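Chemist: Sequence:
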Amino acid sequence: MTGRAAPLLGRFRAGYVAPSVLLVAGLLYAPFVWTGYLSLTRYDGLIPPEWVGFDNFAKLFDDPALLTAIRNTLIWVAGTMVLPVGLGLLVAVLSYDIRGGAWFRVPFMLPYALSGAGLGLVWSPILSHDGIANKLLGVDTAFLQEAPHNTIAMLLVWTWQQLGVNTLLFAVGLQSIPKEPIEAARLDGATGWRLFRHVIWPLMAPLTAVVVGLALVASLKSFDIVWVMTQGGPGRNSETLAVTMYRDTFVASEYGYGSAVAVLLTVVTGLASYLYLRGRK
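Going by the numbering used here, the letters in the sequence shown line up with residues 168 to 448, in that order.
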């Protein structure tokens with residue numbers, strides 16, 4: 168009886184979860200397949216799509232705006248690794264194992280409550296030519312008007328928001344480290360940088376892989392702050408790949424070309440994630 172019931176139970180379970188699995192798979196993969204199809208067509212949203220093969224992808228690499236977007240995206244990736252991730256680790260380590268360390272981290276976590284769009288609305292007037300930043304610093308700098316200064320300025324705003332969550336993740340990782348290895352290292356005379364480099368940092372490796380991976384993907388898809396603060400301008404000199412995709416698709420109504428940019432962004436994000444995870448192994 169048990170042998171006969173097991174296959175029936177397995178089929179019942181499969182039938183029970185199949186509708187949910189199919190729904191989720193459809194919601195996840197159908198838009199990607201449709202985008203991939205549109206990337207091989209010329210489509211303005213009105214007339215039926217016209218098949219053009221790989222013409223959109225050939226056009227991509229002759230587009231100076233795309234090269235600028237790639238440059239700015241790389242700045243975002245490099246800056247994210249150094250600033251939000253690096254500073255988050257520094258704050259977490261400095262507040263680790265000290266009295267009141269949790270309260271020390273609170274001010275860094277508050278900005279994370281703001282959305283990217285809200286962040287842009289708050290900082291745009293501050294960094295404008297006649298904004299409070301120029302008055303406080305006593306300078307006359309167009310923070311958001313010249314490249315690559317505008318990308319760097321927005322990256323600093325991004326850091327202000329993301330620093331808190333990275334600090335929190337690293338703090339959780341530090342608190343989960345067993346006390347015995349640290350105490351043993353201290354008894355052997357390891358303190359400060361030596362203690363961190365040879366004991367704490369290796370024990371935090373799994374969590375660090377997660378934090379860096381999340382930050383990498385988020386920086387490659389940076390859109391909301393850029394769009395709200397500069398809309399990729401002036402001109403198109405502060406665009407990232409995500410902003411280029413949005414502009415070409417929904418502003419210029421070139422759905423085929425915009426879909427090609429979306430496919431390129433997906434490939435870049437997937438390849439970067441794969442190389443990072445492979446490097447971690």
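Just so you know, these hints were derived from the structure itself, not from any lab. Bear in mind the structure is a predicted one, so any value in this text is a computation, not a measurement. Hints may contain errors.
[To be verified] Have a look at the derived ranges for each label pair, beta carbon to beta carbon:
1. ASP222 / PRO198: 15 to 25 Å
2. LEU362 / ALA197: 24 to 34 Å
3. PRO198 / PHE221: 32 to 42 Å
4. VAL273 / ASP222: 36 to 46 Å
5. SER420 / ARG266: 58 to 68 Å
Ideal placement from N, C-alpha and C gives every residue a C-beta, glycine not left out.
Chemist: Could you tell me which of the numbered hints above are not met by this structure, giving the numbers in increasing order?
Modeler: Of the numbered hints given earlier, those the structure breaks are 2, 3, 4, listed in rising order.
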